[in-house]
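Colleague: Chain residues, written in single-letter form:
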Amino acid sequence: MTHSLRARLLVGIVGGMILLLTIFSLIIYTLTHRALISQLDSSLLSTARMLAASVEQDNNEIELGFEVQAMPEFQKAEHPTYCQLWRQDGTVVVRSPSLGADDLLHFEGSSAEPVFQKFKIKNGRPGRAVGFKFNPKIAENDGQNYQPQTTVQVLTLVVARDVGDLQHNLQLLRWLLLIASAGTVTLSFFVATFVVRQGLNPLNSLASEISAIKENNLTVRIVTASLPAEILPIKIRLNELLSRLECSFNRERRFTADVAHELRTPLAGLRSTIEVTLARTREADEYQAALSDCLTITENMQTMINNLLTLARIDANQMTFRCDQIRLAKLVNSSWHTFSHKALERGITFDNRIPAEMTCNSDSDSLSIVLSNLLANAAEYTNQDGQIWIEAHQANNRTEIAVANTGCRLTNDQGSHVFDRFWRGDSSRTDTGIHCGLGLALVERLVRALGGSITVELQNGGIFIIRLVLPA
Amino acid sequence: MGIQMRLLVIEDYRPLQQSLTKGLREAGFAVDTTGDGQEGLWYAMSNDYDVIILDLMLPRLDGLSILKQLRARGRQSHVLVLTAKDTLEDRVTGLDLGADDYLVKPFEFKELLARVRALLRRSYREKNPSIKLQDLQIDLTTQRVWRGREEIQLTPREYALLEYLAMRSGQTVSRTDIWEHVYEFNSSASSNVVDVYIGYLRRKIERSGKPPLIRTVRGRGYILGAQS
Chain A
1 MTHSLRARLL
11 VGIVGGMILL
21 LTIFSLIIYT
31 LTHRALISQL
41 DSSLLSTARM
51 LAASVEQDNN
61 EIELGFEVQA
71 MPEFQKAEHP
81 TYCQLWRQDG
91 TVVVRSPSLG
101 ADDLLHFEGS
111 SAEPVFQKFK
121 IKNGRPGRAV
131 GFKFNPKIAE
141 NDGQNYQPQT
151 TVQVLTLVVA
161 RDVGDLQHNL
171 QLLRWLLLIA
181 SAGTVTLSFF
191 VATFVVRQGL
201 NPLNSLASEI
211 SAIKENNLTV
221 RIVTASLPAE
231 ILPIKIRLNE
241 LLSRLECSFN
251 RERRFTADVA
261 HELRTPLAGL
271 RSTIEVTLAR
281 TREADEYQAA
291 LSDCLTITEN
301 MQTMINNLLT
311 LARIDANQMT
321 FRCDQIRLAK
331 LVNSSWHTFS
341 HKALERGITF
351 DNRIPAEMTC
361 NSDSDSLSIV
371 LSNLLANAAE
381 YTNQDGQIWI
391 EAHQANNRTE
401 IAVANTGCRL
411 TNDQGSHVFD
421 RFWRGDSSRT
431 DTGIHCGLGL
441 ALVERLVRAL
451 GGSITVELQN
461 GGIFIIRLVL
471 PA
Chain B
1 MGIQMRLLVI
11 EDYRPLQQSL
21 TKGLREAGFA
31 VDTTGDGQEG
41 LWYAMSNDYD
51 VIILDLMLPR
61 LDGLSILKQL
71 RARGRQSHVL
81 VLTAKDTLED
91 RVTGLDLGAD
101 DYLVKPFEFK
111 ELLARVRALL
121 RRSYREKNPS
131 IKLQDLQIDL
141 TTQRVWRGRE
151 EIQLTPREYA
161 LLEYLAMRSG
171 QTVSRTDIWE
181 HVYEFNSSAS
191 SNVVDVYIGY
201 LRRKIERSGK
211 PPLIRTVRGR
221 GYILGAQS
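Top to bottom, those sequences are chains A and B. Numbered by our numbering, the letters in the first sequence go through residues 1 to 472 in order. Numbered by our numbering, the letters in the second sequence go through residues 1 to 228 in order.
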């Protein structure tokens, strides 16, 4: 089957026309044929009955009440009627002049039922015959010559007629039907081609409009007016798809721009530190300081790239998680270790309120990343001499962990953005290169990948709480 | 240059801020530094800087706002914008708001220096439209040179060399300084080309019977300006 909609429609329409016309033609032909034959048959039968009614038996003699030789339809002519009458012993009583010396077919059959039959006349022309047996009437002769022993004879009468004309008419009808059908099919082909083309026009204009949409210009929408009801949903769905595509393209573009910014700034720092240092010969301690600066920058860049990669892996469903029995309090303490020194310098107190024996079934590497990022965030944004505490509760096969810190300056509106990639409470990005706003985004994605949920709560007095609920 | 040029660096990323400050100071400029937008604006308003190197993303007050306010208050300091954003709109916005130049991070420090010097020359020309050394007169805006009443035709390289020497007149300028600082010589393979051009320049501007304008300081470089 071809893949063109137009060809399919055409084949369907024209094929259907052919089928219907064939069926109708056959019905018309059959009905006409039957009507004509039955008309012919009844005419034959009435002729035959009239003939039979006029045959009389006088003793053993058969007398005809009609003069076959004289009746015009039995004469030799273009399309004559034939008749022949036999006695029981097969001898011919009478034969119509139209037969000449030939015989008609001798029918055998019961007397009651007339039998119709096709036959070929001597010259090969088609004919139709009716034949039946009958008893002639006994002639009434005042009883003088009446011989009671006389048996009533059984005679066979066959009347036939040439049906050449009928066949000819039927043939004419056949041709007529064939030509009419062929003409109708041809015409319908052209009409259907035109109609289908007209009907598919909106699809063509839709297609050309779609092909004009380029990947770098997703702001355009399909505007073709007056689309038929069947195609309108396609237009609407396509426009919706375009909107979604545009959204995600924009998000992607913003993300790429953010990544570029976050990588370019530390790279600029790295480059100018190296270039300025190399510009002249320096003392060893100057080189040492510069190298140590470069190392810090590199470490920060590495952390950021790792975060980006982890995020990309979660997005692509490429993370594999292994369930371990994790001692929460212990994991929290080891995660805090990294930040404890800096926090201590700023007078921040850290309180791990998780019971020592509490365990949780989760992927320990992922949970460790989650806790490290949450604690890093807390350590970074807690005020001087502030507090950080962490709590955990278990109920209904779920573990809820809450990380809280003081000194939060975010508004409720800002709070809803903390999980956005590259978002920072301080829009100025004070800590470019150190905190690029990926940590909490990563935490959120990881927690969801682990089958949990995460929420932010801002309480009076600048208390910032992140709650995660994990399957125990 | 005769007087020391003053620069302001407003950049919040510490490693970049520190290396810029250090590199620019080592290149002979007086540099003030801040990582805060608000503070940066205050510095820029209270001092007459020749060039301000301005990052766009800053805490408290972003770079474009600083630029807008500076121009609104009539400050004419030349501003070189540093940014990690490199889309055309970003550049156009910056330049429309009155930035004089634009550099996308990461950049080559030498290029930054070259652009800062170009801005300084502009700034110098605006403050000193012409330099006069004895009867040698240099018009910095039209780039024409006269000795007495006679105009001297110089090639672009010769003019650039003379202008640089004139801006630092009275100071010893080393061959390497010229090679590195005069943009027209940057593409040359070695600093020897400087000597060749000093020769050309001498032939064109020196007059017999008058004390030489360009003097050689053996092993150190050249000084423009007659011995007083």
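These are calculated hints, taken from the structure and not from any lab test. Note that CB positions come from ideal geometry on N, CA and C, so glycine has one too. Among the clues, some could well be false.
[As the list claims (entries may be wrong)] In silico EDC-like pairs for lysine to aspartate or glutamate, Cα to Cα no more than 20 angstroms straight-line:
#, chain 1, residue 1, chain 2, residue 2
1, B, K85, A, D258
2, B, K22, A, E286
3, B, K110, A, E380
4, B, K22, A, E252
5, B, K85, A, E252
6, B, K22, A, D258
7, B, K22, A, D285
8, B, K22, A, D293
[Unchecked claim] Facing chain A, a subset of chain B residues (Cβ under 7 angstroms, in silico):
#, residue
9, Y13
10, P15
11, T21
12, G23
13, A84
14, Y102
15, K105
16, P106
[To be verified] So the derived label-pair ranges between C-beta atoms look like this:
#, chain 1, residue 1, chain 2, residue 2, range
17, A, E457, B, G74, 31 to 37 angstroms
18, B, Q69, A, G347, 35 to 41 angstroms
19, B, D96, A, S248, 51 to 57 angstroms
20, B, Q69, A, A312, 49 to 55 angstroms
21, B, E26, A, S292, 34 to 40 angstroms
22, B, E111, A, S334, 44 to 50 angstroms
23, A, S292, B, E111, 24 to 30 angstroms
Colleague: Return the numbers of the hints above that this structure violates; sort them in rising order.
Modeller: Hint check: 3, 4, 6, 11, 14, 17, 19, 20, 21 fail, others pass.
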